[in-house]
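Peer 1: Chain by chain, the residues:
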Amino acid sequence: MAGKGGKQNRPGGGLSGRKGAGEQEEEEQPLQAVLVADSFNRRFFPVTKDQPRALLPLGNVAMIDYTLEFLTSTGVQETFVFCCWMASKIKDHLLKSKWCRPTSPNTVHIITSDLYRSLGDVLRDVDAKNLVRSDFVLVYGDVVSNVDISQALQEHRHRRKMEKNVSVMTMIFKESSPGHRSRCEEDDVIVAMDSKSQRILHYQKTQGLRKLQFPMVTDNFRDMTSLTRNCKIHFCYLSELFTDNFDYQTRNDFVRGILVNEEILGNQIHMHITKDGYGVRVSNLLMYDSVSSDLVRRWVYPLTPEANFTDQEGRSCTYSRHNVYRGSGVSLCHGSQMEENVLIGSDTSIGANCHISNSVIGNSCTIGDNVFLNHAYIWNNVHIASNVVISQSVVCDKADVKEGVRLNKQCVLAYNVVIGPHISLPEGTVVSMHHPEEEEDDDDDEFLSDDADVGQCKDKTKQKVFKPAEVGSEGKGYIWKANSLNDTEDEELSHCLWGLVLNPDPESESEDSEPDDSDDPVIPSPEMDDVKVFQMEVLGTLQRGLEENISCDNLVLEINSLKYAYNISLKEVMQILTRVVLEYPFQQQGSQLTAPQYVVVLLPLLKKWSPVFKNYVKRAQDHLDCLSAFEEHFLEQENHWAAMVKVLMNMYELEILEEEMILRWFSKGATTDKSRQLRKNQGLQKFIQWLEEAEESSEED
Amino acid sequence: FTGAVHGFLLSPIEAFLSDLKRGGSGTGPLRGSAETARETTALLRRITAQARWSSAGDLMEIIRKEGRRMITAQPSETTVGNMIRRVLKIIREEYARSRGKSEETDQQESLHKLLTSGGLSEDNFRQHFAALKANVIEAINELLTELEGTTDNVAMQALEHIHSNEVIMTIGRSRTVEAFLKDAARKRKFHVIVAECAPFCQGHEMATSLSEAGIETTVIADAAIFAVMSRVNKVIIGTQTVLANGGLRAVNGTHTLALAAKHHSTPLIVCAPMFKLSPQFPNEEDTFHKFVSPHEVLPFTEGEILSKVNVHCPVFDYVPPELITLFISNIGGHAPSYIYRLMSELYHPEDHEL
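So the protein lines, in turn, are chains A and B.
Counting in this note's numbering, the first sequence runs from 486 upward without gaps.
Counting in this note's numbering, the second sequence runs from 15 upward without gaps.
Be a bit skeptical, because a hint or two may be false.
As the list claims (entries may be wrong) - In silico SDA-like pairs for lysine to any residue, Cα to Cα no more than 25 Å straight-line:
{"no.": "1", "chain 1": "B", "residue 1": "K322", "chain 2": "A", "residue 2": "E660"}
{"no.": "2", "chain 1": "B", "residue 1": "K79", "chain 2": "A", "residue 2": "V809"}
{"no.": "3", "chain 1": "A", "residue 1": "K1153", "chain 2": "A", "residue 2": "E1181"}
{"no.": "4", "chain 1": "A", "residue 1": "K760", "chain 2": "B", "residue 2": "A65"}
{"no.": "5", "chain 1": "B", "residue 1": "K304", "chain 2": "A", "residue 2": "V809"}
{"no.": "6", "chain 1": "A", "residue 1": "K760", "chain 2": "B", "residue 2": "F214"}
{"no.": "7", "chain 1": "A", "residue 1": "K583", "chain 2": "B", "residue 2": "L31"}
{"no.": "8", "chain 1": "B", "residue 1": "K35", "chain 2": "A", "residue 2": "S801"}
{"no.": "9", "chain 1": "B", "residue 1": "K79", "chain 2": "A", "residue 2": "F1172"}
{"no.": "10", "chain 1": "A", "residue 1": "K576", "chain 2": "B", "residue 2": "S321"}
{"no.": "11", "chain 1": "A", "residue 1": "K583", "chain 2": "B", "residue 2": "F214"}
{"no.": "12", "chain 1": "A", "residue 1": "K894", "chain 2": "B", "residue 2": "S321"}
{"no.": "13", "chain 1": "A", "residue 1": "K583", "chain 2": "B", "residue 2": "C215"}
{"no.": "14", "chain 1": "B", "residue 1": "K322", "chain 2": "A", "residue 2": "E1181"}
Just so you know, the hints here were simulated from the structure itself, not pulled from any lab data.
Computed from a predicted structure; not experimentally measured.
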């Protein structure tokens, strides 16, 4: 195991200068991180059949190394790596890497289990094993970033100090505008946050949504809409409260779960948006393409290819103009051009008259003459014969591309595949040594990294025959379905390696970017119905409460759950509750009640339900909302104005409403004639006068 | 087993290496090069004190080996290599003294001597001297003391160069120049024009700092350098490295400034402490340049345009020695043509290539 005792503290010359004030706290509590080296989805299938996603090379360095470097450079001193699929490979890789050397400033612990099936499982295990002591950083194993998170960390710690255990998580977002190359449409989220406190109010994936619904929550509500790209770095704090909440499949459910239960459990999520730096998750091959090219174009500086930050022997490379990187021992024959943005790994030889641009070529590859590569990602030990054309495709380890082969856009050749000679693969072809049907068979235990299982697969493979028409006369491999993008039946894109193509659909863009204006008229219509239904339900609940003598606490709980079921804002709850209670006597006794009768029925009810009111009426705004609903009700019931003062008085005496608020409501001025009339009502005038006097006398005291 | 770095020394070395690798996310080195020089020297002192070695040859081998790693970690940070060479030179001298030879014999590398060969390398520094370690450490301590005082030593000469009511132009932010100007401002009134040095705009910080010290300061865009130059009496700049030919590797835009100064025959003074002198020549391409994230040139938040263009963000410029009037180092003023001489005093010729 990687666990090492006696790790020395960082020497004084280390990062101390940069971290400043936070340093002292950190020395007491070293920053920890949880790295989930499994995506729990199959986006990179069938490539990930042979190699876990975290180990796929990105710019000739395994993805997990970028994540670990990111964590280390932000001052994380202890990292727990959770692996599931092909855990042994990840473990081997890490044990060999610089992270497990005794000098590593970041102690890496590897925790493997075949039983993790979701992020929730991992978090539950983190909690069960008591691994983390304080705030920790939660990342996936495919994050590439150079963002400085120390500021976000400080904010997070400050928030947690101010309000004990309220903020459970800070999410870090990286801003990127629509149409950006590295913005993956399926990862787009819509986030509503409070601009003052940076609290997240609403979080929703936009993929597949045409219309976006916002529950309008507070006044200083600001939407960040899809301007942000989630680079999935979180600070979490695991508290006792939190323990039960891991029944979530994905991070999305997790976040939404916390938000929905916010008012019950009191947990909040905050966000931090970073404009500087680079941060992205490699979630599909389209992202792989854009992250690779960003890497070569030095956006992730100082994590550049020539920096050799993984400290592997013989992996250093030189950097020259037009972003051309060459490893040691690269040979390039006469007439070959490396145009721009090219990374070539060590000991790779390239033939004559080749034309290479925007490509990454791994270590120990051989490439023949007259080869044309554009946006090609060639991994290690690949053999490419002469006269081959490859554009925007991925060729995995040990694949063999014979002479005259042409790979059109978005092709994937998985491990050990042989293609050709003289064949052209259509756009989006995926070729693997594993047969697609065999995959269907063991679909259920996809996450079990069973070596015996792999052995069986090989036996099966031998029984099936390669089709020369598909992979060429000497070819070896099976075609996975040609990846048509309009295949809507595809379950949750699980097979769609490349992800959705960014479609600059102007309609959707405009909708995304200004939902406040264009969507406002759209939202109320579906919500109106919800409001009606909600009102009925609240009425029913109260009735039942009376009949069955249910305690007010339970009534509050029920109303709360109704609130979520119908997606009703707190303000509306207040108004509806007030209205329902005030109308209750009419509901029960018919609308012919006289004012005195009405008062007689209502007052005991008010007394009974006052705890319910008190639960909702807390802030000044709540009082005003309640009062405006009250006013609305009496405006409709003109002949009951006599009862109005009594009811108001009663509410005041029950301490549902405060005098200050009543005065403010009264003085706020009426908007319509009728409400002006209402305010002129004698009883009300007297009551207000009495209140004012009472206030004055209390002030005098 | 001698000649190796063992256990507990590894961790500070690794920390320093990874710090170097991460150093400078954009605006050049996070720390000033003076600090880097001090840190390197302190680390080398620690290696000398704690590593196992029995002879000067062993020690030099260890320092060379670790030094190569430090240099590859961040090739653009030449100060690290310079300090390694200084320490190697110290070891040579101390060894020579221990053997009873005067340092002088070692200094003079004449053609005659090269041909007759011999000298120190005959016994390859294999002789053991008990006092060598203490002597080397003491000499390194002296070097550290020298490094502490460099900025002050440079600044002390300010009054000789800056006169009342002069207009001085500078570019970007150099700590040495900042101290130099502030020192002069204690006695004299003058006007400083700062070129902002896009895209990092360190010039803004420089201007703020100068005006806080009570110096009349103007910030101009880089494009206005030529236009403003006719009013300028003197150009005073800092540099990242002084190259072996007397040229500079300085922040982007310096070449423009130097050419404009030449055109108007304005003197160009370079404030460069001795530890910036490097035996490197400007033709070593892959270590000369440093390209950082293009974020400052074109923000990453820009949308579609980014997928259509290539953006580069180089950090350094080369300034040929013909454009430079005077170097001011901590030991006095020198002409560019004298740099090679200083170089041979500071470093042993065998250490130029580590």
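Peer 1: Does each hint hold? Answer for all of them.
Peer 2: So, going through the hints one by one against the coordinates:
1. With a C-alpha separation of about 19 Å, the suggested pair B/K322 and A/E660 falls inside the 25 Å cut-off, and the hint holds.
2. For a cut-off of 25 Å, the pair hint linking B/K79 to A/V809 is broken: about 28 Å separates their Cα positions.
3. Distance hint between A/K1153 and A/E1181 is fulfilled; the C-alpha atoms sit about 19 Å from each other, no more than 25 Å.
4. Restraint check for A/K760 and B/A65: not satisfied, since their Cα atoms lie roughly 45 Å apart, outside the 25 Å limit.
5. Taken as a hint, the B/K304 and A/V809 pair is honoured in the structure, with Cα atoms around 13 Å apart against an allowance of 25 Å.
6. With a C-alpha separation of about 16 Å, the suggested pairing of A/K760 with B/F214 holds against the 25 Å cut-off.
7. For the proposed pair A/K583 and B/L31, the alpha carbon gap of about 13 Å is at most 25 Å, so the pair holds.
8. Of the supplied pair hints, the one linking B/K35 and A/S801 holds, its CA atoms being roughly 13 Å apart against a limit of 25 Å.
9. Proposed proximity of B/K79 and A/F1172 is contradicted: the alpha carbons are some 91 Å apart, above 25 Å.
10. About 36 Å separates the Cα atoms of A/K576 and B/S321, which puts this hinted pair outside 25 Å; it is violated.
11. About 33 Å separates the Cα atoms of A/K583 and B/F214, which puts this hinted pair outside 25 Å; it is violated.
12. About 17 Å separates the Cα atoms of A/K894 and B/S321, which keeps this hinted pair within 25 Å; it holds.
13. Annotation: proposed proximity of A/K583 to B/C215 is violated, straight-line Cα distance about 36 Å (limit 25 Å).
14. Using a Cα cut-off of 25 Å, the hinted pair B/K322 and A/E1181 is violated, with the two alpha carbons roughly 71 Å apart.
Of the numbered hints given earlier, the model fails hints 2, 4, 9, 10, 11, 13 and 14; all others are met.
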